[in-house]
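Chains A and B, in that order, are what the protein sequence lines are.
Residue 314 in our numbering sits at position 314 of the first sequence, with consecutive numbering throughout.
Residue 82 in our numbering sits at position 82 of the second sequence, with consecutive numbering throughout.
Don't read these hints as lab results, they were simulated from the structure.
By construction, the Cβ of each residue, glycine as well, lies at the ideal position given by its N, Cα and C atoms.
Wrong hints could be hidden among the right ones.
Label-pair distances were calculated between CB atoms; the ranges are [unchecked claim]:
1) R151/A <-> D13/B: 13 to 21 Å
2) D11/A <-> D13/B: 54 to 62 Å
3) E23/B <-> Q301/A: 51 to 59 Å
4) K419/A <-> E55/B: 42 to 50 Å
5) Q301/A <-> A117/B: 50 to 58 Å
6) E55/B <-> D368/A: 54 to 62 Å
7) E23/B <-> S230/A: 28 to 36 Å
8) T175/A <-> E23/B: 53 to 61 Å
9) S226/A <-> K123/B: 52 to 60 Å
10) S124/A <-> D49/B: 27 to 35 Å
11) E20/B <-> K32/A: 57 to 65 Å
12) E55/B <-> G272/A: 38 to 46 Å
13) E109/B <-> S226/A: 40 to 48 Å
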Amino acid sequence: MYSYIPHTSGDEEKMLDTIGVNSIDELFVDLKEGGCLLKDYLKINEGISEEEVIRKIKRLANMNEQGTSFLGAGVYDHIIPSAVLSLASLPGFVTSYTPYQAEISQGILQAFFEFQTMICNLTSLPVSNATLYDGGSAAAEAASLILSSKRACNEIIVSSTVSPFYLECIKTWITGTGNNLVLLPEKDGVSDFDCLESLITDKTAGVMVQTPNKYGFFEDLTGVSSIVHSFKGLFAISSDPLSLTIQKSQGQWGADIAIGDTQSLGIPMAFGGPTAGYMAVNSSLMRKIPGRIVGQTVDNQGKVAYVLTLQAREQHIKRERATSNICSNEALISIMNVIYTSQLGFKGMREAALQSRSKAQYLLEGLDKLSFVNIKKRDFFLEFPVEFDSKERMEKFLLALKKKGIFGGVRLYQLTKKKEDEATILVAVTEKRTKEEMDEYLEIVGGLEND
Amino acid sequence: MSKIIDGLLYTKDHEWLKIEGTEATVGISDYAQSSLGEIVYVELPVVDDEFSAKEEIANVESVKAASAIYSPVSGTVSEVNEDLSDNPELLNEDCYSNFIFKLKDIKKEEDLLDADAYREFLKTLD
Chain A
1 MYSYIPHTSG DEEKMLDTIG VNSIDELFVD LKEGGCLLKD YLKINEGISE
51 EEVIRKIKRL ANMNEQGTSF LGAGVYDHII PSAVLSLASL PGFVTSYTPY
101 QAEISQGILQ AFFEFQTMIC NLTSLPVSNA TLYDGGSAAA EAASLILSSK
151 RACNEIIVSS TVSPFYLECI KTWITGTGNN LVLLPEKDGV SDFDCLESLI
201 TDKTAGVMVQ TPNKYGFFED LTGVSSIVHS FKGLFAISSD PLSLTIQKSQ
251 GQWGADIAIG DTQSLGIPMA FGGPTAGYMA VNSSLMRKIP GRIVGQTVDN
301 QGKVAYVLTL QAREQHIKRE RATSNICSNE ALISIMNVIY TSQLGFKGMR
351 EAALQSRSKA QYLLEGLDKL SFVNIKKRDF FLEFPVEFDS KERMEKFLLA
401 LKKKGIFGGV RLYQLTKKKE DEATILVAVT EKRTKEEMDE YLEIVGGLEN
451 D
Chain B
1 MSKIIDGLLY TKDHEWLKIE GTEATVGISD YAQSSLGEIV YVELPVVDDE
51 FSAKEEIANV ESVKAASAIY SPVSGTVSEV NEDLSDNPEL LNEDCYSNFI
101 FKLKDIKKEE DLLDADAYRE FLKTLD
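All chains should be built: construct the whole structure from the sequences, respecting the hints.
So, in structure tokens, the structure goes:
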């Protein structure tokens, strides 16, 4: 396959001539002398033709198991209007790289501006950036922001009910920084806020929670922001953006920072990525937010124009003192998010959220009739944990469903690695699931009663 | 030619300071403000926070770049110039009458420059 290196050997010679060296290898002589160059070429196969590549990739793709998905744990199988993928596949969107002379690319800046506006509307916070990599990097960036906000503080309290994936990201990011992560315990599937005050010390910079949480339960955050603000800490809430159409937004809960993953807004599951992360903050944190912020203004003829307004923490602005390195972002994903939200509107998104919840409720009620499971009754969004009387039973349950082409749920142990989660699965239901699919699910697992 | 005021102390990072007893008032020099260009934002330190000498204490952003202000001496922030939050351009207008922050309980550093020494130092930069 053609390697897509655009210059010809003639171009190469001309360039080498201009800088006064004889060969490309000569450019790296100093590296060779310093012992930095590989002695042998990497063992990479010769190129193959386009046709061969397509066949190879198709063969690999066909090895994937197809089925009806009740999987979630952060990435959900929502309906995606066809307009999302077909509009987003325009070459101008797909092939464009990050614009270094940003204002020349008015189209991409406008898309970011629309994305930011959508995030501000959903979160009820005034300042949004133009995406982070995913929900996990957004959580880690929020933790860094919180920890850097107060000089004398090096502790952040994060609820145990935050996604284990996000917790891992936070732990990785703060390793070696001299900062500490303190876990707020959970009780009956939600954060135990009764413990919060006892965990706060003069080193606490802020608190982070997630709702719906890692189990899918909504958290009751009444009074939490007052506790956090009473010691001048910062309060961050991570939320599935689709859930914000039917629950209180981060701004309404009194959060200073809103974060989350935008996968639920028109992005395919794709084995968990790529997705985009979002972050919105209150105005006082505008200069601390990572990434870039696009603003709307007018040009010298009075026409609407878009500009990169702020990128205060990034490396091309702050050089070696940069405190964030998200100079890149998830442009294509954010464009898909914007197409999705403009297709559905707030009403349509709310409808998708409400349908997901009521369908999940239907499946939950069916599963609750089984003698071998235990289901916590809590207010949830579209996902809920199902605990079995044994791990063996859980495996039998998942296998029976899989044989019929149904992915019945995510093993909680895979996420948390906790012994007590060994016999629990998370079951997610979206608006995409039909009553027939759920009835089939229930019929299959109902057959296990007599085992 | 950059304006330098006699009687003030200077650092090689182009801060000026005025020391009275154990208190220091700190700003940026004329050389600093003219090199930075149009200043659009000043990030001030928090009152009561303690800093060691040469530690990053504030930030000045211009249309060209964001630059750190380093604490010229160790001490505790006793006052910040809030006017700069809304009017950062005051630093361009008159960088010597608009301080950025004040420190108390300071420990004086050895390598601070007097006006003449700073004038000589600037010559080496051109």
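Tested hints:
About 20 Å separates the C-beta atoms of R151/A and D13/B, a value consistent with the hinted range of 13 to 21 Å. At about 45 Å, the beta-carbon gap between D11/A and D13/B misses the expected band of 54 to 62 Å. For the pair E23/B and Q301/A, the supplied restraint of 51 to 59 Å holds, since their beta-carbon distance comes to about 52 Å. Range check, K419/A to E55/B: Cβ separation about 46 Å, and the 42 to 50 Å hint holds.
Taken as a hint, the range 50 to 58 Å holds for the pair Q301/A and A117/B, whose Cβ atoms sit roughly 52 Å apart. With their beta carbons about 59 Å apart, E55/B and D368/A fall inside the hinted range of 54 to 62 Å. At roughly 32 Å, the beta carbons of E23/B and S230/A sit within the given window of 28 to 36 Å. The hinted range of 53 to 61 Å is not satisfied by T175/A and E23/B, whose Cβ atoms lie roughly 40 Å apart.
Evaluation of the 52 to 60 Å hint for S226/A and K123/B yields a pass: the beta carbon distance comes to about 58 Å. At roughly 31 Å, the beta carbons of S124/A and D49/B sit within the given window of 27 to 35 Å. Between E20/B and K32/A the beta carbon distance is about 60 Å. The supplied range of 57 to 65 Å therefore holds. Under the hint 38 to 46 Å, the C-beta atoms of E55/B and G272/A, about 41 Å apart, fit the expected range.
Between E109/B and S226/A the C-beta distance comes to about 43 Å, which sits within the given range of 40 to 48 Å.
Hint violations for this structure: numbers 2 and 8, all remaining hints satisfied.
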